[in-house]
Every structure is written in structure tokens, then in C-alpha cells.
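Trainee: One letter stands for each residue in the lines below.
There are 2 protein chains.
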Amino acid sequence: MSYPRKIKGFRDIDVNLNQLRWKIINSAKKVYKKYGFEHHDTPVLEYSECLGKYLPDSNELAEGVYSFKNPELELKFDNKGTEIRDEKNNVVMENHFLTMRYDLTAPLARLYAESLWDMHKHKQVKEGKTPLMRRYQYGQVFRFEAKLDPGRFREFWQIDFDTVGTDNVTTDAEACMILADALEEIGLKRKNYIVKVNNRKIIKGLLLSIGITEDADEQNIMRIIDKTDKIGTQGVKEELAQGRIDKKSGAKIEGLNIKNEFIEQIMSFLNDFQETGLRKNILEKLNNKKIENQIYKEGVEELIKIDEILTTLDFDEQRVIFDPTLIRGMGYYTGPIFEVEYVGTYKDKKGRKRKVGSICGGGRYDGLVEKSLGMKVPAVGASIGVDRLAEILTLTNQITELAEGPVIIIAFDDNLMIEYQKIANNLRQNNIAVEVYYGSRKNLKQQLSYADKKNCPIAILLGENEYNKGVVTVRNLKLGKELASQITNKKEWRERVQSEVKREKLVEEILRIKN
Amino acid sequence: MSYPRKIKGFRDIDVNLNQLRWKIINSAKKVYKKYGFEHHDTPVLEYSECLGKYLPDSNELAEGVYSFKNPELELKFDNKGTEIRDEKNNVVMENHFLTMRYDLTAPLARLYAESLWDMHKHKQVKEGKTPLMRRYQYGQVFRFEAKLDPGRFREFWQIDFDTVGTDNVTTDAEACMILADALEEIGLKRKNYIVKVNNRKIIKGLLLSIGITEDADEQNIMRIIDKTDKIGTQGVKEELAQGRIDKKSGAKIEGLNIKNEFIEQIMSFLNDFQETGLRKNILEKLNNKKIENQIYKEGVEELIKIDEILTTLDFDEQRVIFDPTLIRGMGYYTGPIFEVEYVGTYKDKKGRKRKVGSICGGGRYDGLVEKSLGMKVPAVGASIGVDRLAEILTLTNQITELAEGPVIIIAFDDNLMIEYQKIANNLRQNNIAVEVYYGSRKNLKQQLSYADKKNCPIAILLGENEYNKGVVTVRNLKLGKELASQITNKKEWRERVQSEVKREKLVEEILRIKN
Numbered sequence: 001m002s003y004p005r006k007i008k009g010f011r012d013i014d015v016n017l018n019q020l021r022w023k024i025i026n027s028a029k030k031v032y033k034k035y036g037f038e039h040h041d042t043p044v045l046e047y048s049e050c051l052g053k054y055l056p057d058s059n060e061l062a063e064g065v066y067s068f069k070n071p072e073l074e075l076k077f078d079n080k081g082t083e084i085r086d087e088k089n090n091v092v093m094e095n096h097f098l099t100m101r102y103d104l105t106a107p108l109a110r111l112y113a114e115s116l117w118d119m120h121k122h123k124q125v126k127e128g129k130t131p132l133m134r135r136y137q138y139g140q141v142f143r144f145e146a147k148l149d150p151g152r153f154r155e156f157w158q159i160d161f162d163t164v165g166t167d168n169v170t171t172d173a174e175a176c177m178i179l180a181d182a183l184e185e186i187g188l189k190r191k192n193y194i195v196k197v198n199n200r201k202i203i204k205g206l207l208l209s210i211g212i213t214e215d216a217d218e219q220n221i222m223r224i225i226d227k228t229d230k231i232g233t234q235g236v237k238e239e240l241a242q243g244r245i246d247k248k249s250g251a252k253i254e255g256l257n258i259k260n261e262f263i264e265q266i267m268s269f270l271n272d273f274q275e276t277g278l279r280k281n282i283l284e285k286l287n288n289k290k291i292e293n294q295i296y297k298e299g300v301e302e303l304i305k306i307d308e309i310l311t312t313l314d315f316d317e318q319r320v321i322f323d324p325t326l327i328r329g330m331g332y333y334t335g336p337i338f339e340v341e342y343v344g345t346y347k348d349k350k351g352r353k354r355k356v357g358s359i360c361g362g363g364r365y366d367g368l369v370e371k372s373l374g375m376k377v378p379a380v381g382a383s384i385g386v387d388r389l390a391e392i393l394t395l396t397n398q399i400t401e402l403a404e405g406p407v408i409i410i411a412f413d414d415n416l417m418i419e420y421q422k423i424a425n426n427l428r429q430n431n432i433a434v435e436v437y438y439g440s441r442k443n444l445k446q447q448l449s450y451a452d453k454k455n456c457p458i459a460i461l462l463g464e465n466e467y468n469k470g471v472v473t474v475r476n477l478k479l480g481k482e483l484a485s486q487i488t489n490k491k492e493w494r495e496r497v498q499s500e501v502k503r504e505k506l507v508e509e510i511l512r513i514k515n
Numbered sequence: 001m002s003y004p005r006k007i008k009g010f011r012d013i014d015v016n017l018n019q020l021r022w023k024i025i026n027s028a029k030k031v032y033k034k035y036g037f038e039h040h041d042t043p044v045l046e047y048s049e050c051l052g053k054y055l056p057d058s059n060e061l062a063e064g065v066y067s068f069k070n071p072e073l074e075l076k077f078d079n080k081g082t083e084i085r086d087e088k089n090n091v092v093m094e095n096h097f098l099t100m101r102y103d104l105t106a107p108l109a110r111l112y113a114e115s116l117w118d119m120h121k122h123k124q125v126k127e128g129k130t131p132l133m134r135r136y137q138y139g140q141v142f143r144f145e146a147k148l149d150p151g152r153f154r155e156f157w158q159i160d161f162d163t164v165g166t167d168n169v170t171t172d173a174e175a176c177m178i179l180a181d182a183l184e185e186i187g188l189k190r191k192n193y194i195v196k197v198n199n200r201k202i203i204k205g206l207l208l209s210i211g212i213t214e215d216a217d218e219q220n221i222m223r224i225i226d227k228t229d230k231i232g233t234q235g236v237k238e239e240l241a242q243g244r245i246d247k248k249s250g251a252k253i254e255g256l257n258i259k260n261e262f263i264e265q266i267m268s269f270l271n272d273f274q275e276t277g278l279r280k281n282i283l284e285k286l287n288n289k290k291i292e293n294q295i296y297k298e299g300v301e302e303l304i305k306i307d308e309i310l311t312t313l314d315f316d317e318q319r320v321i322f323d324p325t326l327i328r329g330m331g332y333y334t335g336p337i338f339e340v341e342y343v344g345t346y347k348d349k350k351g352r353k354r355k356v357g358s359i360c361g362g363g364r365y366d367g368l369v370e371k372s373l374g375m376k377v378p379a380v381g382a383s384i385g386v387d388r389l390a391e392i393l394t395l396t397n398q399i400t401e402l403a404e405g406p407v408i409i410i411a412f413d414d415n416l417m418i419e420y421q422k423i424a425n426n427l428r429q430n431n432i433a434v435e436v437y438y439g440s441r442k443n444l445k446q447q448l449s450y451a452d453k454k455n456c457p458i459a460i461l462l463g464e465n466e467y468n469k470g471v472v473t474v475r476n477l478k479l480g481k482e483l484a485s486q487i488t489n490k491k492e493w494r495e496r497v498q499s500e501v502k503r504e505k506l507v508e509e510i511l512r513i514k515n
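As you go down the protein sequences, you meet chains A and B in turn.
Sequential numbering from 1 applies to the first sequence in our numbering.
Sequential numbering from 1 applies to the second sequence in our numbering.
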């Protein structure tokens, strides 16, 4: 015997939440397909080294993820895919580390690299001439966040689209349009969401202009700035400088020890873009900054092109804005980055107003495939947080539709079980979902309570009397619920919601009620 | 840098295989819903002790599965859900073992037990009065089979339905009907599959009649008989007796050391049912066996009822047969068991004819929830092996339809990129899937080859000349492929498949070609 429970941060999904989850997936999928993306899938489990380490806030390969050793003993390979041998020329075997995927982007990079591996080894692919691939994918991803905030989960679904093999900035603009189209297809109203765009090159250029050139420093600084929402501007300043003491845990958080003068420059830049506005105005402001390096200019130039395409196609600031303070947590972004914010608040269990925040994220990652292929392959994509969005739509009462249950056949009489089966069979042949009640509760009230929990629209009643007369009783449960508060006279209520029907007219009657 | 590859036994699924996978899932789902099952989901990862050990061929909890320690340090609980404390009354903490689900049945038992846990602790639920639950679920399951046969995978999809909370044998009969209906909805022809039914109680009764009463002995014997397909009758005999040497590996396989006389009795019983026939005849044969114990009689009695229901509803031996030699590998079955065999062969890569074998399995498992709840909860269900079935449909050339790609806009001229976007946007607003080519290949032939790989039905061509004239060229790629072998004159071929269309007439023309 064992105490039945789920792992903390994992959850079961019931029929109503599933209906919502799949409404989101199917809507997004429809839009992705419309833009020419194809459905590809990758495994839940991958070699740790093939996924790499890109999670925000993580310094180690096994940090923030579910990772373990493969039970299978396998050959050890070097980076070129050649088996490693010891001094005696025997092959070296080991149990490789595996990781449950933490997103759908790193596995795509592996898939793409793998498909090119042989061609690349034989020098049949050139940088800048890599094949184009446009794929969408959906599924669970897994993150072991040591501290689990309320409403956050360790297993959650994402639906992604990615274009690999081109650095054409049009695909970055397109990503913004796809996100907007997908969210509206899902049912979000315009002005209830906003796609925010920045360019990592702008932040890189800013840091370069104040003398920060090391990749690691850049990554660390971005990681800290990205925490602004959590730790506030003051917290960010402290972590960039000598560090701080976390108020809740009392833990000492190491600082990056950046010169105060540099920190001021970074903070002042970010501060200048606190207010959003027209894309044109943001671009002007960016151009007016006295930052002259190439990377910064490229960053601004790309945003200008993105604005041009969006404007031509009528994607104005109601849908897409520029936000130079945007960072995104993932370590692999190299160019334009996107985040969709749900504009609006909800009330939590304690009745407090809460902001929703980010529901989608994405960006350009021209270096991710390089990690395994050793060759730059430009790529851009984005991801909708399916479960996050489902939760928000529920919390803000935008989706209240319950999943409809089957027509239920009340089982009064064990001797009539075969008759119930015949009726069910006949209805199913007419494409009507129907269930014979098989539970242990024998009385009508208990069976109707089961039907109510399953949101069954109609009940069919058949006892010995009815059987002998060749009829069944049909009760409209949906109407019954609606009328329950208006009609208190039981007899009148029953007359309104219940009727006797000849067995041969049953299909017709059920279809009449359902439509 | 790391050598890009997948874990052995795991694979990527491309757009065509995905189309087939989801055709199977959506068809089965439709039938399950029609029978009144609701969609519930459980996590991919569970506490190992909550899943238990039921895999065929496995003796240890961690055998045959992907299992590892939770990175989170947690309280230790006893079977009643009370935290365990040491001598000094401090709570005991540990990293619990987690397992990636190996099927969808064990997690359902956990879900059901968890939902009843509190009520059960307060004695608000009685045995025989447990609530009814009918759910379907689909998703990946994971098995670490140390020896991986060709065509077998360590990650594969299943789609299950289960009825929990009733021992009504009608639900067992229903399970057979659901499997048959689902497979036909997926597209299998009648006589191409057969649902085989047995009852574990019959095997239990047989063993009991020869004096084998221990649960562990029973399980071991069934496990060995279940291997008949793999190791043959002689192999089974040897494993029941003193053991055998595996020919391939040379490994010694321990035997159960059962008396020869008993083995003969078991083998003779199984041998008597090598030929299938009418269910009525099998029942008669079972009744004629001189086995008098209660469990055997119950087993036969249940099959009689199942036959009665199936016969009334016209599910004859074309769809469902009885097979008293059927065992099923899972350790949790207690009553009727089902297996669907795909009737037919395919040719493997070497051109050898191969039998397909089992594509679905299921049965009654009245003891599974008991493990965590400490109370018997009757349950029955079955599972379709989605990936197995997809493979068979592919190998037997029954599903050859490729996924259709988007309309492709050939990108000749970077200066016209905005025009391509406008055309794409306009088509999408008319619900046409369309992609602007963004790859690095600039010439027409290369772009058309990309379109061909994606199975694009139509190409749109727009160069400077066409732009100035306000027209585009539309090429029917699908027709072009069909005519390629018939028409060798290039000009004639082009005239047949290609036409110039005014920009404002484009949507109309695309819809005309597509329909």
C-alpha cells in the first residue's frame, strides 16, 4: 500500500481544463499551419549535452531540470561523433546523462543539427546556405524550479513555431504577426494582449558602449535585469553591484561588482524607455542615443525593418509595440526578442488584484544550432504558454463553457440491461454520445447526480412499464436546470422537461432536443 | 559542441507520421466520447511507489522503466499519509524515487485513489459503493526495454479508456465493442483485426485445480506462458521446469521448478484451445473441462454473459472471439482480458514476411486501486497502441496520404518582399495556408524543390514584370506532378499547369484550384 499523491508542481487535468487546453492548441495550430509551418515532434527525453544549458537563473547543466543517468550503458563519443577509446584501445562505455526537455526549442536545434550532421561532416553544407525548415510542435516541458510560485507548475504545455535556416528579418516581423493572430484565434480580444518587441543587439550594443564585452558578463547582466519584475529596480542595482540579502530567505546573493558609473548608465537607458508609445517614436529615441557601435546600429536597423513590415500589413501599436527594456530569460537569444503580455488583472483566492504578465515568448537564436553543428544557423521562433494561458482565461472568467457530457441512460432494472445496450447502440450509430449508467447507485436521484456532474444534456428512463408499452421517457436535463429556479411546481416542471417517446422515434427526439 | 543525436529507442516524428498519429488519436477519441468517456490527463512523471510494479518481465520497481530520485528533498510519509519522524521527533526527509509513466492505467489508479483518499480515511466510502468514473486519456509512455527489438520504441503513444467503480460485466463486453468500433473508425477493415477475449479467472482456476494457489507462482507462470510467441512451447515448458539456456545470449534463465505432471496439465489445456471457433463452442469446451472450483466457474460465467451481450448487439466472431490461451503481460489483471491482433502480414526491409501481432490490450483490474486505497475498486479498460498501429498502417501501405503543405510564394526579388507579404496576408485572411519562401536559395528550381518536399499544392510567382502589370503567375504543382510523365513538351506542360491571374482575382483562382 502507498499513500496516493502527485509530485509537487505536477497536476491532473480534468475534462473541462482539457477542453480549454485543446481549444488553445488547436487554434494556435490552425494559425501556425496557415503560415506554412509543419507539425514535427521530438522525444520528451534527450541527452543532456544535446539540450545544453539555457534556462534563466541556472548555472549548471542539471540545474532547473529533471536529469538522470540513462540505465543503458553506451559508447562514449567525442564532439565529432567518434567513439572514445582508452590507452589499450578499448571503447569507453558510460551511462550518459538524460534530461527531460525544458522547452521545445533546444530539441529542435538538436533535430535540425542531427539532420545536417552527415552532410556537414562531408562539407556538403555551407554557412549561409543551410536548408529552410518551418515547424510547429506542442507538448509538455519540465522545469524543476526549486522555489515554486503559486500558479506555476513544473510540467506545463507549450506550442511553438520556429523558422530555421534564414536570417531574413521578415521572419522576425512575421513571428509577431503569428503570435497576434494565434491569440485572437484562441479568443483573446485586441487590447487584452500586447506583443512587445526588443532586440538583444540593442542591449549588447549598450553594454559594449560602456566597455562590457565578455559574453558571460553580458549574459549575467541580462539575467539580472530580467528579474526587475521580481526584485525591483533597487534589487537589480544591488545585484549588478555588490550583491544583496534576500529579504524572505535571508540568503546572500552575490553581486557582479560592476562599477557604479556603468550601472547608472544601464539604469538610465532602461529608465528612458519606461513609457511605451508609437514604434516610430521609440525608434527615434533609440537613434538619438549616442551609441555608435555596429551591433547597436544593427539592432535598431532590424527594428526599423520590422516596423516597416508590420505597418504595411496594418499591425499597429494596438497589437505590437517596441520595448527596449525587454530582456527574456533564455540564454540563447541573439537578435529580436518577443514577449506577449496579457493586459489586465484578475483577483486571486484572497481577493487581491494581480497582474497576469507574460503568456508568450520568443526571439531569434542564431547560435543555438551552432553548439552541436559547429556552424552558425540562423533561427527565430516563439512559444505560447498553453497552460499559463488556460489559467488566465479561467481566472478572468473568459472561458466558462463546460465540456458537455453524453446522453445518459438511467439503469433502473438489471433485467433491462440488454435493452439499455440496444438503445445506446442505436443512438451511437446516429452519432450521439451516450452512456449506460453502470455504477453502484441504484436510485434515480443518485444517477441523476452523476449525470449532473458530467454535464449530461439528456437522460433516458426505461422501466418495466415503459418497456411493455414500447416507449421511453426522455428528460431534458439542460432545460430542467434552467427552469428549476423559475418553476416551483414539480408537476408543471416535469411536464415541461420530460416526455414519453416511442422507441422508434427516440433518435429523432434526441436530435431535436440537442439542436 | 556536442554530437547531435537521439537516445536509442527514441525518435522524431515528421509531419506525415504526425498526421497519421493524430488521425488514429482523433478517431479513437471520437468513439470513446460516443461511449460516454471524458478526457482526463495525468502527469508524465509520478512517484515510483504510486505507480507500482506491473510491467511484464520485471521483478524490481526500477526495472523496465525510467526511474530517478526527485531533486527536491521532501517529507517521508507512511502508508496512511502521516509524516514519519525519527527518535528525536524530527521529521524525516528524503529524495523520493520518481518514474516516467510506463502506461496510462497505473496513473489512473493513483488519480482515482487520490480523489477518494480523504473520504476513505474518514470512512465515507464503502467497498462496493465506490463512485463511477469513465475517462479516456492519450499520451506518451516510457519503457526501458534492455533488449530493443526492431520496430519497438522506448517512448510510444497510447490511447486508453477505462471504467472505474463497477464490476458490471457489461462494461467488459462494452470494452470489446469500443475497441472494434475505434479500430474501424481509424480505418481498419473488418477481418483485418480481431478482438480476442479470455478471463484470467479461467487460468487461475486451472492452476488452482492442479494445486497452485500462491499469487506469486500464478503470476510467474502466466508471465512465462505469455512468452509463447517469443520462446515457443518448448521454451515455455523449460522455463516452467528447470530453466533453459538462451540461445542468443547464452544466459541461463532460471526455471520455476514446477512438477512435470503439472506442466503437462497446463500445456494440454492450452493445446486444446489452439484452434479458435465460435464463442459458443469455446464456452462448451470450457464447460466440459473437469474443473470444479469457484473461480473457474466465475470465469466461464462471465464469458457467457459477455457472449450474450455481444451476440445481441451483432458483434459476432468476425469482430470478437474467445481465446482461452490469451494471457497478457501486465501483472494487474484479475478478470476478463482483451487483446487485438492485426490479422495480416507485411514485408520487412529484407523482404521477409512478418506477422504484425498485438495492437491493443486491456482487461479488468479489480485490485489496482486497492494497492493505494486499501479497498477493492473494480475497474476495466483497454489501450490502443497508437504508434504501433501507425507503423502497421504504414508498413501495409494502407495509409499513404501525405500531409499537404501550404501554397508557396516564390521569392524572386528582395525588393518585392513586402508585396509577397501582402499577397500572403490576403490569402490567409481567406483561410488559405500560405508561406513566403524565406530560405537562402535564390533560383526558381531550388525553391520549387523545397515546395515539392513540403508537398505544396500551388506556387505563386511574382517578378518585376508581373508586378508592373498587376498580375501574378499561378502554377498548379499537384497537377504539374501528375502531368509530368504524360506531357514531355515543356511549353504544352506549362500552358496546362500555369496561368496569369490579376492580383484581385488571386483568392478566387487559388480556391478554384484547391477545390
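Hints in this document: simulated from the structure, not taken from any laboratory.
One should not assume that every hint holds.
[As the list claims (entries may be wrong)] In silico DSBU-like pairs for lysine-lysine, Cα to Cα no more than 35 Å straight-line: (1) Lys481/A with Lys123/B; (2) Lys129/A with Lys123/B; (3) Lys289/A with Lys237/A.
[Said to hold, decoys possible] Ranges between beta-carbon positions, derived for each pair: (4) Asp366/A with Gln446/B: 18 to 24 Å; (5) Gly470/A with Glu292/B: 49 to 55 Å; (6) Ile304/A with Lys481/B: 38 to 44 Å.
Even glycine gets a Cβ: it sits at the ideal position worked out from N, Cα and C.
Trainee: The structure should be examined with respect to each hint, and the outcome stated for every one.
Mentor: Quick rundown of the hints versus the structure:
1. Lys481/A with Lys123/B: holds, 32 Å
2. Lys129/A with Lys123/B: violated, 69 Å
3. Lys289/A with Lys237/A: The given pair, whose Cα atoms are some 22 Å apart, holds under the 35 Å limit.
4. Asp366/A with Gln446/B: 18 to 24 Å: Between aspartate 366/A and glutamine 446/B, where Cβ atoms are some 22 Å apart, the hint holds.
5. Gly470/A with Glu292/B: 49 to 55 Å: violated, 44 Å
6. Ile304/A with Lys481/B: 38 to 44 Å: At 42 Å between Cβs, range holds.
Taken one by one, the earlier hints fail for this structure at numbers 2 and 5, listed in ascending order.
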